[in-house]
Amino acid sequence: MHATDDDLSPWVPRLRRYARALANNRDDADDLVQDTLERAWARAGLWRHVADMRAWLFGIMHNLHVDALRRGRLAVVAFDDDAPDAVAPPPQAARAALLDLQAALERLAPEQREVLLLVALEDMAYADVARTLGIPLGTVMSRLSRGRERLRLLLDGAPSMPGAEAGRLKVVK
Amino acid sequence: MNPAAPPSPPSGVPVTEAELHAYVDSQLTPERAAEVADWLVHRPDEAARVRAWEAHKRGLRMLYDPVLEEPVPPGLQQRARRPAPWFGRPAPAAAAALLLALAAGGGGWALRGAHDAPLLAAAPHANDFPARAAVAHAVYAPEVKRPVEVDGAHEDQLVTWLSKRMGAPMKAPHLQTLGYTLEGGRLLPGERGPVAQFMYRDEAGHRLTLYVSNERPGTASGAATGLATADLRGGGDAHADTAFRFASEGAVNVFWWVDGPFRYAITAPSDRAALTQVSAEVYRQLAAAQP
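Sequence order for the protein chains is U and C. According to numbering that gives the first Met the number 0, the first sequence holds residues 0 to 172 in order. According to numbering that gives the first Met the number 0, the second sequence holds residues 0 to 290 in order.
Simulated from the structure, these hints should not be mistaken for laboratory data. Beta carbons are placed, not taken as given, at the ideal position from N, Cα and C, and that holds for glycine. Among the clues, some could well be false.
Partial selection, computed: residues in chain U whose CB lies under 10 Å from chain C [what the hints assert, rightly or not]: (1) M52; (2) W55; (3) V65; (4) R106; (5) P109; (6) E110; (7) Q111; (8) A124; (9) L143; (10) R147.
Derived lysine to any residue pairs resembling SDA-like cross-links, with alpha carbons at most 25 Å apart [as the list claims (entries may be wrong)]: (11) C:K144 - U:D127; (12) C:K144 - U:E37; (13) C:K163 - C:T176; (14) C:K170 - C:Q77; (15) C:K144 - U:R145; (16) C:K144 - U:W40; (17) C:K170 - C:D201; (18) C:K144 - C:F245; (19) C:K144 - U:N23; (20) C:K170 - C:G151; (21) C:K170 - C:P188; (22) C:K144 - U:P12; (23) C:K144 - U:D6; (24) C:K144 - C:P193; (25) C:K144 - U:R38; (26) C:K144 - U:R42; (27) C:K170 - C:H41; (28) C:K144 - U:S8; (29) C:K144 - U:A67; (30) C:K144 - U:S141.
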């Protein structure tokens, strides 16, 4: 995927997905996407030096998100509560588990959440995550490991995740 | 890309924690992935963790992949495209460009220093006002974080504050029916005193400003300026009565009029028809508010 010189539209849905998972409400998430696009255009002169557009764009979003967290800006409540956050709700049985997962995700340390989301949503290679967040590969791995374990502990005892039984592993107990 | 796995390990090389993650994320070589899978068969604890991680990963996709299918809001669509050069620049550059354009065009007020003050004092243009409104718009409309000093959520405070500083009752027109939400306002220095700027925003993120002054204008003059202007009533003294006037400069258009001691200017990148509509609505509301 690449954007033309005049259009970042192809990136918008994925930036929105990541932002929604980071901010967990539509307004803050779209504000974050908007700020990301504006900053990207303000620095459009740098594009020819950007080898990995995805790492660059998600890196901008990361920086803005960290700034916003520092200022506490993301603590505001969305006034647009009527808007559904997901267009196609999953089947009822799986729903509770997903809501638990969402709640657990919000309880992760922001730096762990970012690594986990880039890997889970973007299928980013670990080295690309390191480049996007500007951290060493070892830090990516330790944050991923801690984030996943914390998620697992938070969800321990919660209803089983959808598809948990359909894993590719056949484990004999 | 497979940074976590040792290169082509013989069977029996210990599986690291990092490799377990790389296994979940399909970032192992197929050979190593097969080895890890075999190893996990005999490690129920690790297998359970891996299974949970995989389930969480699938869960995250189920939670957030629907966002990919949502229609993109117009404001984001617009911002995904390269901005028009004029608006794409940082605010100070845009304002400077506008100042230069006005000065070069014959407005002459912008870049003159104190030495030229007598000239300015002798012939203040009626069109200084829309030009100042346009510059104020150019400076603050592209502002992302601080477009206003007091936000629209505190409209009462905003109006009270501006009224006090302006020494006259102010009112923020409500333009929701035309698709504009009040973002807030700020106080700016005018020619002889404070002026007020109200900022509005439409669904697509376009900003519109209402610039209000109650300074006593100098003697009006029909001097030519760099602004392309048109008196919509076909002539007459701008200060004598209410006449909507239209000016265009680069990416923004300005509608302005005089009403008693007040001068108003509406500035936006909108076309003339849209600005006419907004101006008429603002005029109607302000007139209705007068005692």
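- Hint consistency between K144 of chain C and N23 of chain U [alpha-carbon to alpha-carbon, up to 25 Å]: holds (21 Å)
- Query: Given the proposed pairing of K144 of chain C with W40 of chain U, does the C-alpha separation stay at or below 25 Å?
  - Reply: Holds, at roughly 16 Å.
- Message: With the threshold set at 25 Å, check whether the alpha-carbon distance from K144 of chain C to S8 of chain U stays at or below it.
- Response: Cα-Cα ~23 Å, so holds.
- Interface hint compliance - Q111 of chain U to chain C, C-beta minimum distance less than 10 Å: violated (13 Å)
- Item | Given hint S141 of chain U paired with K144 of chain C - CA-CA distance at most 25 Å | Cα-Cα ~34 Å, so violated.
- Pair hint outcome, K170 of chain C versus H41 of chain C [Cα-Cα no greater than 25 Å]: violated (75 Å)
- Agreement of hint V65 of chain U with chain C interface, Cβ distance less than 10 Å: Check failed: Cβ of V65 of chain U comes no nearer than 15 Å to chain C, outside 10 Å.
- Message: Holds or violated: K170 of chain C and D201 of chain C, Cα atoms, limit 25 Å.
- Response: holds (19 Å)
- Message: Check the hint pairing K144 of chain C with F245 of chain C against an upper bound of 25 Å on the C-alpha distance.
- Response: violated (30 Å)
- Starting from K144 of chain C, check that the Cα of D6 of chain U is at most 25 Å away, please. With a Cα-Cα distance of about 23 Å, the restraint between K144 of chain C and D6 of chain U holds, given a limit of 25 Å.
- Item | Proposed proximity, P188 of chain C with K170 of chain C (alpha carbon, max 25 Å) | holds (19 Å)
- Is the hinted pair K144 of chain C and R38 of chain U satisfied, with a Cα-Cα distance of at most 25 Å? Satisfied, since the Cα-Cα distance of roughly 12 Å is no more than 25 Å.
The structure does not agree with the numbered hints 1, 2, 3, 4, 5, 6, 7, 11, 13, 14, 15, 18, 27, 30 stated previously, though it agrees with the rest.
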